[in-house]
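Chemist: Sequence:
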Amino acid sequence: MTTIALPALILLCVVGLNQGVKNKCKLPIERGNCEIYSRAWGYDNASKTCVPFVYSGCGGNANRFRRRNSEKDPRGKETLTPPLSTSSLCSKIRMRTHPFDLQQTFPQIAMAKLALLPFILFCFASLIQGKNDICKLPIDKGTCGSNIESWAYDASAGRCVRFMYGGCGGNENRFRTMGICKRIAMVKVVLLALTLLWVASLSQGEEDICSLPIEGGQCRGYVKSYGYKSAEDRCVRFVYTGCGGNPNRFKYKINCLRACVKYYKRQKKKKKH
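For the sequence shown, the positions run -20 to -1, 1 to 253 when mature numbering (1 follows the signal peptide of the UniProt record, and there is no 0) is used.
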């Protein structure tokens, strides 16, 4: 899990996000099918520029932005501000280090996993946006009379299906080819599976820590520490010598209690039931 799943998770998230941005810019500009008028910007593939248009308030597609930025990137390309950004989720996540010290409470768990927590939550949130998830949207043929071969994800059938798009209106659950539809759906499924595996690995680490014997180490230092004594179901103080030993070692007693005593109480309740 540590060596394979996490790098794969990062790669899939990056690919999925980049694919979404590229697909947006290839879509035609659509004003939607409601009667609310708001100024918006879209990317015109023919002129290769960002142009203003009037958005009606519903329908349309992802090629729609709140404003056009005047700044350009080093390659001279224009940048657009999307209508909604979920990246702000990461900046809102805060972790308290004391008295609930993550590294002390879960010393056996690789801190790389915990460092990736905001990233994992961001990716997972993008999977469960509910009605904003394009794969959960109903297949909509639109309101015009054209017959454009398109593909959409059928959530009830769990696969991509072909349908004829009318040329205007509709929603974002529409892809030019079956291959694009399958890739978008597969990325979401794999990301969800890897996220669940990552969460499961944290609870497994908690169990392993509490099962280990208390060890003082092999050096000559003197560090007051706490370890979980499973035979007595309590946390006891011991002297850690500074090197060696195992992860059943906590800087604060409260962290030992939270990690192990409560864990074993939960396990006992499960066995009774």
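Simulated from the structure, these hints should not be mistaken for lab results.
Just so you know, even glycine gets a beta-carbon here, dropped at the ideal spot from N, CA and C.
Please note that the accuracy of each hint is not assured.
Said to hold, decoys possible - No farther apart than 27 Å at their CA atoms in a straight line, the calculated lysine-lysine pairs in the DSSO-like style are these: (1) LYS28 - LYS4; (2) LYS209 - LYS233; (3) LYS231 - LYS6; (4) LYS6 - LYS116; (5) LYS204 - LYS162.
Claimed, not checked - Restraint-style ranges between C-beta atoms, simulated for each label pair: (6) GLY125 - SER27: 53 to 61 Å; (7) ASP188 - SER136: 38 to 46 Å; (8) PHE33 - LYS162: 29 to 37 Å; (9) GLN198 - ARG163: 48 to 56 Å.
Chemist: Return holds or violated for the Cβ distance of PHE33 and LYS162 against the range 29 to 37 Å.
Modeler: Hint holds: Cβ distance 31 Å, inside 29 to 37 Å.
Chemist: Hint says 38 to 46 Å; check whether the CB-CB distance for ASP188 and SER136 agrees.
Modeler: At 41 Å between Cβs, range holds.
Chemist: Holds or violated: LYS209 with LYS233, Cα cutoff 27 Å?
Modeler: OK: LYS209 and LYS233 at ~12 Å, within 27 Å.
Chemist: What's the verdict on LYS6 and LYS116, does the C-alpha distance respect the 27 Å limit or exceed it?
Modeler: The given pair, whose Cα atoms are some 21 Å apart, holds under the 27 Å limit.
Chemist: If you draw a straight line from the CA of LYS204 to the CA of LYS162, is it 27 Å or shorter?
Modeler: 56 Å, violated
Chemist: Quick one, are LYS231 and LYS6 close enough, alpha carbons at most 27 Å?
Modeler: Distance of about 55 Å is beyond 27 Å: violated.
Chemist: What's the verdict on LYS28 and LYS4, does the C-alpha distance respect the 27 Å limit or exceed it?
Modeler: Holds, at roughly 13 Å.
Chemist: The hint says 48 to 56 Å between GLN198 and ARG163; measuring C-beta to C-beta, is that right?
Modeler: 52 Å, holds
Chemist: Verify the CB-CB distance for GLY125 and SER27 against the hinted window 53 to 61 Å.
Modeler: 27 Å, violated
Of the numbered hints stated above, those contradicted by the structure are hints 3, 5, 6, listed in ascending order.
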